[in-house]
Amino acid sequence: MGTPESTTTGRTIRGRAAGLTDQPLTLLTVAVFWTWLVVRWTNDFLLDGALIERNTSFFPTAPFESVASTLGSLASSLGPVGFPVGWVAGFFEFLAASIPYLPQLATGVWATILLTVLGIALGFFIAVPLSVARVYGGSATRSVALGYTELFRGTPLLAQLFVLYFATPLTAIIRELPTVGTGFIPAQAFWVAVIAFMLNSAAYQSEYIRSALNSVPEGQLTAARAIGLSKVDGIRHVVLPQGLRYAIPGWSNELVYLIKYSSLASFITVRELFERTDAIASETYRYTELFVLAGLLYLALVLSASLLMEYVEDRVAIPGLGTTSR
Amino acid sequence: MSPPLLELDDVYKSYGEEQVLSGVSFEMDAGDVDVVIGPSGSGKSTMLRCVNRLTEINGGDIYLDGDCITDANTDVNELRKQVGMVFQDFNLFAHLTALENVTLGLRKVRGMDKAAAQEKGYEHLEQVGLLDQADSYPAELSGGQKQRVGIARALAMDPKLLLFDEPTSALDPELVGEVVEVMRDLAAEGITMLVVSHEMGFARSAASDIIFLDDGRIVEHGPPEQLFENPQAARTGEFLSRLTHEGE
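Sequence order for the protein chains is A and B.
Okay, so the first sequence: first residue is 1 according to the UniProt record's numbering, each after it adds one.
Okay, so the second sequence: first residue is 1 according to the UniProt record's numbering, each after it adds one.
Simulated from the structure, these hints should not be mistaken for lab results.
Be a bit skeptical, because a hint or two may be false.
[Stated by the list, open to error] Not everything, but these chain A residues come out facing chain B in the computed CB check (under 7 Å):
#1 Ala187
#2 Ser215
#3 Gly219
#4 Ala223
#5 Ala226
#6 Ile227
#7 Val232
#8 His237
#9 Pro241
#10 Asp314
#11 Ala317
#12 Ile318
[Unchecked claim] Cut-off 25 Å, straight-line C-alpha distance, at most; resulting in silico cross-link-like pairs (PhoX-like, lysine-lysine):
#13 Lys260/A <-> Lys81/B
#14 Lys108/B <-> Lys120/B
#15 Lys231/A <-> Lys160/B
#16 Lys160/B <-> Lys114/B
#17 Lys260/A <-> Lys108/B
#18 Lys160/B <-> Lys108/B
#19 Lys260/A <-> Lys120/B
For glycine and all other residues, C-beta sits at the position ideal for the given N, C-alpha and C.
Whole structure, please, built from the sequences with the hints as guidance.
This is the structure we're talking about:
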């Protein structure tokens with residue numbers, strides 16, 4: 001029998017060891033989600049529908065429909081007390097109604113992932129110099145970096161998307177590039193969205209990285225300079241490796257935000273998850289099913305991202321360097 | 001006759017209105033171990049940081065091996081390759097192991113390849129008695145061990161001059177001994193050291209000269225016997241007797 005004391009100890013130990021294996025349910029969800037995605041994409045994109053015809057679901061709807069109707073009639077025969085059975089019937093109805101749309105949504109998920117990953121990865125390469133300029137730059141570079149950050153954090157992402165898409169020659173330029181919009185290469189709107197997310201998330205990422213750089217003790221750079229490293233090299237070899245580790249939790253937050261903010265790309269016709277959901281819903285009028293489904297897919301993406309970042313954090317952890325204090 | 005290894009010539013330093021160094025001049029030869037003492041706020045650490053230009057002086061000149069290192073076109077990174085520094089609060093690179101702390105400068109400043117840098121790194125860790133801790137991170141080391149890694153890191157660059165900025169004052173008393181022992185070994189090996197420290201045992205036995213700094217001026221500069229047994233200035237005697245009493 002567990003005394004309160006032993007419970008506390010158990011929790012502490014679990015808390016300290018909180019690793020990937022500590023969340024079996026999340027792990028299972030993510031594993032099922034990605035297995036489905038990878039099989040679907042392989043079949044639809046690479047094998048040209050060899051396993052199963054494109055846009056045809058892997059799962060038959062008939063069994064779910066029959067379970068739903070059986071439970072439905074059972075519920076009505078039970079009268080007023082049958083409502084819990086009715087709910088279960090409703091769940092199976094939802095599944096039966098959703099399954100046919102899963103293949104198309106999987107294509108949207110692909111675009112959403114690509115948008116988010118490219119946006120955040122490219123943004124990272126802008127964010128690092130921006131944050132270094134904010135912390136270590138002279139007054140001119142500091143103001144430029146600050147101006148950039150305030151501009152992109154201070155205006156709506158949607159407005160940035162519209163300006164880039166409609167008001168700059170960017171769209172026309174990208175359209176003329178070879179291979180854009182052919183085969184696997186998405187059309188110009190997608191690339192405009194990637195550029196917008198890159199510029200926007202760079203501003204947010206640089207804020208997370210800046211505050212992390214500020215938490216690296218000053219003596220670290222002094223010591224680096226004292227052995228003859230230039231300021232730039234000292235930042236690169238001593239300050240950044242520590243600062244970026246401190247930045248991981250905040251940075252993960254930005255990744256999770258961007259997964260969901262990427263839905264704004266639908267406004268400039270990018271065929272990502274939200275756009276696909278909206279398009280199918282307006283054809284079929286199954287708004288509830290489709291948006292619940294889209295929500296669940298976003299949730300699965302976010303869970304995957306959290307799990308991934310937790311893994312990364314564990315991998316790069318260094319004794320005494322803050323991030324492992326969980 | 002070869003020039004002194006280090007020469008400070010009428011060095012002035014102020015922070016705004018506050019005058020920290022007011023005309024400091026002294027010389028030391030290769031192989032000398034000079035210990036700088038003085039009340040807190042007397043400018044000891046500032047003087048040390050002027051020598052590797054972590055702090056810029058406002059007046060006077062500093063010469064290393066006959067070259068003026070305080071004029072505008074001195075390459076500070078080149079200078080710092082030749083002048084090592086050991087810090088009061090260690091400042092070990094927190095994300096690197098003891099070995100990597102020692103080899104970072106060798107690889108990124110001296111441009112040595114990894115294998116050669118590691119070999120030299122192990123040598124210097126052995127010199128400070130920490131070969132068995134090569135793969136430990138700073139957070140896994142005791143204060144005394146951290147400071148010995150700090151010394152190895154500075155030594156690895158083969159500096160002409162090693163600066164020590166109160167190397168034992170952040171240590172628990174029982175850990176001071178191991179660091180002082182390493183410093184004594186270095187002094188015996190003929191490494192030129194400029195040490196800000198109130199470790200009187202070390203000053204008495206290892207110092208060639210003691211410099212007593214007060215209020216930004218050198219009050220007395222001479223061999224340990226003179227300062228301890230027969231101080232020329234009244235203030236030196238007062239300060240030393242206070243220090244010795246506190247030590248007991």
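Subject >> Violating hint indices (sorted, rising) >> reply: 1, 2, 7, 10, 11, 13, 17 and 19
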